[in-house]
Amino acid sequence: MTTPQSDAEPRRGRRIDALTVLSFVLLAFWVTARLWVNPANGVRDNRTDQAQFEWMMAHGARVVTDFAYPFTSDRMNVPDVVNLMANTSVLSMSLPLSPVTVWFGPRWSFLIFLTLGLAATGAAWYFLLCRVVVGARGPAWLGAGFCAFAPAMVSHANAHPNIVSQFVVPLIVWRTLRLARPGRWLRNGVLLGLVIVWQAFLNLEILLMTAIGLGVVVLALALGRPALRSAARPFAAGLAVAAVVAGALLAYPLYVQFAGPGAYSGLSTLIRGYSTDLAAYLAWSRESVAGDARGSAPLVKNATEENAFFGWPLVVLVVALVWWLRRNAVVLGLAAVAVVFGLFSLGREIRFDGRGTGVPGPWAALENLPVLHSVVPTRWSLALTPIIGVLLALGADRARRLAHRYPAARGQIRFATGTVLAMALLPILPTPLPATRLDPTPAFVTSGAWRPYVAGGRSIVTLPLPDTTYAVPLRWSAETRLEMPLARGYFLYPDTRPGAGRVALFTAPPRPTSSFFETVRRTDAVPPITPQDRVAAVDDLRHWRAGAVVLDPRLRTAESLRRAMTELTGITPTRVGGLWVWDVRPLVG
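This note's numbering applies: residue 4 is where the sequence shown begins, and numbers increase by one.
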């Protein structure tokens with residue numbers, strides 16, 4: 004028979020757990036507040052990726068409603084396909100959120116994905132930390148809050164929902180640690196394999212970093228705690244089962260990714276040059292209380308890749324925590340992973356304060372290896388966020404235990420702990436993401452006026468053609484549930500030109516007409532048009548199976564683009580549903 008006191012304690016714990024989860028939900032809404040307050044707003048600093056993820060959400064809904072093939076799509080890059088396994092298909096989120104996409108539109112499912120990803124990441128780390136790692140709710144809340152809302156996570160909240168949604172990572176850690184329990188190796192192995200598959204369809208880069216980091220920590224535990232070696236057999240058996248389950252379920256999708264249509268061989272040298280500036284570890288992020296864009300911009304390629312920016316007080320605190328807790332095997336394992344990942348993040352050449360030092364980084368010897376040639380080096384420093392979060396939880400729990408052990412000094416210990424944590428964490432508290440108003444989708448798209456032009460398998464060609472700097476047409480297509488197919492697009496695709504080595508481009512390889520209009524857009528002037536240009540334009544329109552070419556007159560260079568297209572084809576455009584439209588069906592035959 005239970006006593007009233009014994010019943011009250013679990014209820015109190017459940018209330019605290021519920022309030023903790025609510026705190027993460029509120030923090031997630033705080034970060035994304037400007038997007039929720041005005042549905043017409045989009046992420047200011049990364050509108051192109053937002054458009055791409057809205058397109059991916061629409062693809063997931065199409066898989067559910069139309070039974071479309073999930074791993075490639077012909078709704079962009081007509082007449083070729085886009086390899087979605089080699090891109091950010093996020094099927095593990097786009098499929099469950101397909102009802103939202105169908106009923107309310109891809110912009111809402113994108114926003115829910117982004118907000119839910121932040122909140123769920125905090126909640127998942129909290130339950131792992133308080134149930135498995137530290138056993139105390141306060142330290143667990145502190146560590147989990149950092150894991151979900153650290154500067155790097157808020158930076159990637161600029162339209163990288165697949166990266167901020169790291170709630171599967173604690174599940175992988177939990178299920179891996181459970182492998183050591185005897186007697187249930189088959190069940191534990193199957194469950195670990197399934198969560199690995201879940202993460203694989205969310206973000207493979209995060210899965211790779213999790214596997215490497217977790218492997219080092221498990222090795223440190225095996226060396227530092229000899230008593231655990233008796234669990235080696237069930238652990239190995241469960242790990243083998245997990246490998247078989249994950250391998251069987253991922254074999255075909257990974258085949259499509261690496262050998263299917265649209266597969267590429269690594270990222271370009273430019274992207275592989277994205278590294279973490281050594282000074283960025285001590286600096287403040289632009290989306291934190293103490294930071295601004297003027298201070299962070301010289302240290303980073305763009306607003307979405309502020310993967311370090313911990314601030315010098317936190318760096319000092321982390322070093323002190325590692326020294327203080329050095330007898331803990333988990334801490335030593337985490338410190339080893341942090342050092343390795345930190346060195347990898349420096350890229351092929353170490354940079355400091357925006358300038359190259361001429362000193363090669365360890366990554367220079369690894370960047371051309373298979374799989375690793377598709378990793379952006381600076382994101383190794385992103386992997387330091389959960390490591391620091393766990394260290395903060397362990398440190399806070401150690402201080403809590405000391406306060407209980409020495410009641411006479413409890414006040415001083417708590418004051419010192421609170422002061423140190425405030426100095427390290429208050430400056431990096433997140434601020435709401437900057438937002439900007441997105442142009443309304445033209446009536447040409449929303450009314451379905453495009454439908455006659457795509458009959459017979461034709462596509463819509465937009466001016467300029469979509470790429471990394473102009474992805475608005477992807478949003479238009481997403482709002483039609485991908486029924487409006489596009490020529491070219493914004494996606495990773497192999498460079499098939501001679502000597503290019505099939506490295507990834509961020510759109511299809513250039514064609515004469517796409518390059519021509521890129522020049523017009525860049526210069527806002529129409530170059531002399533030759534007969535060869537006109538012949539090439541007809542050839543390219545035929546290649547794209549173009550039914551119509553459309554231009555948004557709201558663009559800054561719209562007048563030059565309109566004049567160039569008219570002179571190139573000899574067709575006078577008409578205004579239809581807010582867009583200039585060239586009916587090119589008679590031209591391409």
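It is possible that some hints are incorrect.
Stated by the list, open to error - Here are the simulated distance ranges between beta carbons: (1) Asp69 with Gly218: 18 to 26 Å; (2) Gly357 with Ala240: 26 to 34 Å; (3) Val135 with Arg297: 40 to 48 Å; (4) Ser518 with Leu226: 34 to 42 Å; (5) Thr471 with Pro443: 21 to 29 Å.
What the hints contain is simulated information worked out from the structure, not anything from laboratory work.
Built from N, CA and C at the ideal position, the CB exists for glycine as well.
Hints and how they fare:
1. Asp69 with Gly218: 18 to 26 Å: The hinted range 18 to 26 Å is violated for Asp69 and Gly218, with Cβ atoms some 40 Å apart.
2. Gly357 with Ala240: 26 to 34 Å: violated (51 Å)
3. Val135 with Arg297: 40 to 48 Å: The hint (40 to 48 Å, Cβ to Cβ) holds, given that Val135 and Arg297 are roughly 42 Å apart.
4. Ser518 with Leu226: 34 to 42 Å: violated (57 Å)
5. Thr471 with Pro443: 21 to 29 Å: holds (23 Å)
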